[in-house]
Amino acid sequence: MEIKIKSLKFDADQKLVAFVEKKVSKLERFYEGVDTVDVILSLLPEPENKNARIQIHVPGQELIIERNARTFEDAVTECADAMKEKLTRFKEKLYEG
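Our numbering numbers the first residue of the sequence shown as 2 and each following residue consecutively.
To be clear, the hints were calculated from the coordinates, so they are not data collected in a lab. Built from N, CA and C at the ideal position, the CB exists for glycine as well. A couple of the hints might just be wrong.
[Unchecked claim] Straight line, CA to CA, 30 Å or less: simulated BS3-like cross-link-like pairs of lysine-lysine:
#	residue 1	residue 2
1	K24	K5
2	K51	K5
3	K87	K24
[To be verified] The calculated label-pair distances, taken between Cβ atoms and stated as ranges, are:
#	residue 1	residue 2	range
4	D82	D36	19 to 29 Å
5	N50	K16	29 to 39 Å
6	K94	P46	34 to 44 Å
7	V18	H58	12 to 22 Å
Input sequences plus hints: build the corresponding full structure.
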């Protein structure tokens, strides 16, 4: 699984990059067919101005989750938790059909 991290309108420090990689790498346990994962971190003008977007490329489909929070760590954690559920549902649908 390849993880690509992009930070828009700011430079992500190594600590943040390591945190994102650690959280996102755990998603592979929920679905083995993950090709690449794009993580996009950006700043927004709202009070909860940290935005994280996780985009997972699985064969034939793309799964996307986006969350806003006060810190990038919170936003990434919320995204990863939501993506775990989405991957589990995706996997169940795949095996039902």
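For each hint, the structure was consulted:
1. Taking the CA atoms of K24 and K5, the gap is about 13 Å. The hint holds against a cut of 30 Å.
2. For the given pair, K51 sits about 18 Å from K5 by alpha-carbon distance, which is consistent with the 30 Å threshold.
3. Among the hinted pairs, K87 with K24 is consistent with the structure: their alpha-carbon atoms are about 15 Å apart, no more than 30 Å.
4. In this structure, D82 and D36 meet the distance hint of 19 to 29 Å, their C-beta atoms being roughly 21 Å apart.
5. In this structure the supplied range 29 to 39 Å is violated for N50 paired with K16, their Cβ-Cβ distance being about 19 Å.
6. Between K94 and P46 the beta carbons are some 37 Å apart, a value that agrees with the proposed interval 34 to 44 Å.
7. The hinted range of 12 to 22 Å is satisfied by V18 and H58, whose Cβ atoms lie roughly 20 Å apart.
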